[in-house]
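Chains as they are written, first to last, in the numbering used here: chain A, 1 to 263; chain B, 1001 to 1225.
These are calculated hints, taken from the structure and not from any lab test.
Please read these numbers as outputs of a predicted model, since none were measured by experiment.
Yeah, the Cβ is synthetic: ideal placement off N, Cα and C, and Gly gets one too.
One should not assume that every hint holds.
Distance windows between CB atoms, simulated [stated by the list, open to error]:
hint: 1; chain 1: A; residue 1: V68; chain 2: B; residue 2: S1142; range: 25 to 33 angstroms
hint: 2; chain 1: B; residue 1: P1084; chain 2: A; residue 2: L87; range: 52 to 60 angstroms
hint: 3; chain 1: A; residue 1: M159; chain 2: B; residue 2: D1067; range: 50 to 58 angstroms
hint: 4; chain 1: A; residue 1: V27; chain 2: B; residue 2: G1132; range: 54 to 62 angstroms
hint: 5; chain 1: A; residue 1: P72; chain 2: B; residue 2: H1106; range: 15 to 23 angstroms
Derived list of chain A stretches under chain B, where covered just means 3 residues or more per stretch with a C-beta under 8 angstroms from a C-beta of chain B [to be verified]:
hint: 6; segment: 166-175
hint: 7; segment: 178-188
Some chain B residues flagged as far from chain A (calculated, every beta-carbon gap over 12 angstroms) [to be verified]:
hint: 8; residue: K1016
hint: 9; residue: T1036
hint: 10; residue: P1039
hint: 11; residue: D1067
hint: 12; residue: P1201
hint: 13; residue: R1218
Spelled out from the first residue to the last, the chains are:
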Amino acid sequence: MSRVPTRAPRPLLVVAVLGIAFLALPVVGLLQRAPWSSLDDLLGRRAVLDALRVSLTVSVIAAGIVVVLGTPLAWMLARVDIPLRRLVRALVILPMVLPPVVGGTALLFALGRRGLVGQWLDRWFDITLPFTMTGAVVAATFVALPFYVMTVEGALRTMGDDLEQMAGTLGAPPLTVLRRITLPRLLPAMGAGLALAWARALGEFGATITFAGNLPGRTRTLPLATFQALESDPEAALALSLVLLAVSLVVLLPTRDRWLPTR
Amino acid sequence: MSTQPDLPTVASARPKAVDLEGRLVRGDLHLELTLTVAPGEIVAVVGPNAAGKTTLLRLLAGLERLDDGLLRLDGFTVDDATDPGHVAGHDRSVGWVPQDRLLFSHLSVAANVSFSPRATARRSAHLLDALGLRSIAERKPSECSGGQAQRVAVARALAGSPSLLLLDEPSSALDAESRRRIHGLLGADDRPATLLVTHDPVEAAGIADRIIQLEAGRIVAASAL
Chain A
1 MSRVPTRAPR PLLVVAVLGI AFLALPVVGL LQRAPWSSLD DLLGRRAVLD
51 ALRVSLTVSV IAAGIVVVLG TPLAWMLARV DIPLRRLVRA LVILPMVLPP
101 VVGGTALLFA LGRRGLVGQW LDRWFDITLP FTMTGAVVAA TFVALPFYVM
151 TVEGALRTMG DDLEQMAGTL GAPPLTVLRR ITLPRLLPAM GAGLALAWAR
201 ALGEFGATIT FAGNLPGRTR TLPLATFQAL ESDPEAALAL SLVLLAVSLV
251 VLLPTRDRWL PTR
Chain B
1001 MSTQPDLPTV ASARPKAVDL EGRLVRGDLH LELTLTVAPG EIVAVVGPNA
1051 AGKTTLLRLL AGLERLDDGL LRLDGFTVDD ATDPGHVAGH DRSVGWVPQD
1101 RLLFSHLSVA ANVSFSPRAT ARRSAHLLDA LGLRSIAERK PSECSGGQAQ
1151 RVAVARALAG SPSLLLLDEP SSALDAESRR RIHGLLGADD RPATLLVTHD
1201 PVEAAGIADR IIQLEAGRIV AASAL
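Model the full structure from these sequences, guided by the hints.
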């Protein structure tokens, strides 16, 4: 038994196909111009390896911070009746819609050596964030956090708190409920949110170059190296782009249930 | 927050399992009733939809708060509308079996049954056997039939040896075997006081000591069997 499919209006189909072509074209262009034969050599260069190392270090640490900060935040937004919830959620989403350069500028004025908090970090703890790898981590965390929080909060809302209430009536204290009921059921969404946040951290450009600069081996991440190479060495830029493209495709795997439904 | 049991007036008398005189308002529902349940007594609550049966169970389970009045379980004051120090649900010795069961889908049958921190390994094992769940102990709830899932929910509620068992439409989806086994447990000597919500007068008459009829949040009839 199968349902009669909805009849599609033809103009809609035409425009939809145009949309597909528009999205596919850049990928095809990249693949078609890729320097496949010299890829080994290009990716083995010092500058590329440095950028890869910086990118992996920065994005993995940022992703870790995102989980530690983001899980309680998502839980609070979904479960606790906090005052000004809408304002808090708007604040969480802000880095998602804010131009990254603005985010980087804001970080500079907050955490820079003369910034609101940065001057105290500098004076009391001798900590300087701008133009350091730590600064790059801060920038990546700032832009990536909303992707994780939004994903996890949505999952918590969909799950509801019925099972948590049930566990409470059985005598489980709140931390036990969190550990044995909430977190295990939340794991798939946390994985999906983490993948999105990590991809966003890895691709971060604007906030990083504004707040952390473009220092080889320290803050020059893959996107910055790609942009740099485009001027001097287009083949290297293509090779770096391929690496980032491959990573993006890998990220789609754990999120495929969410975004790539089988039907 | 009062956790001291009131001294019984007669030394030998155990306090009531449930001693409720209160009122709560949730949307259209105005629940207002006086209800006592003796230790070991089985009380069936019958009544039409939206009469407040499920809300009554949620109140006793600690998931709703009284707007007015007093609720004592086993002589402990667990809800006092005049006192903001409300004791949370996990401090009550209550086993709740909601109509939709709310089994923990990521845990095995055995882990569901032994979930309560009040449950002992021995008690959980006994319930797995008594309710015929031993052979499916390692399955996930999604792999259980409706009757099996219902038995898991009952076993989980009883594993912590509650003094009050709350059953919401326990037999609505039960096969004959599940019904027999659950009713067998409710006939045991060490049974807890039980409040049973049902739409089925035959089931109510079959296992309850007493039937109360609820309509629009009030008890309109009560009969001892």
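Structure-based check of all given hints:
no.	hint	result
1	A:V68 to B:S1142: 25 to 33 angstroms	holds, 32 angstroms
2	B:P1084 to A:L87: 52 to 60 angstroms	violated, 28 angstroms
3	A:M159 to B:D1067: 50 to 58 angstroms	violated, 29 angstroms
4	A:V27 to B:G1132: 54 to 62 angstroms	holds, 57 angstroms
5	A:P72 to B:H1106: 15 to 23 angstroms	holds, 21 angstroms
6	166-175	holds (count 8)
7	178-188	holds (count 4)
8	K1016	holds, 20 angstroms
9	T1036	holds, 21 angstroms
10	P1039	holds, 20 angstroms
11	D1067	holds, 18 angstroms
12	P1201	holds, 28 angstroms
13	R1218	holds, 25 angstroms
Hints 2 and 3, counting from the list given before, are not met by this structure.
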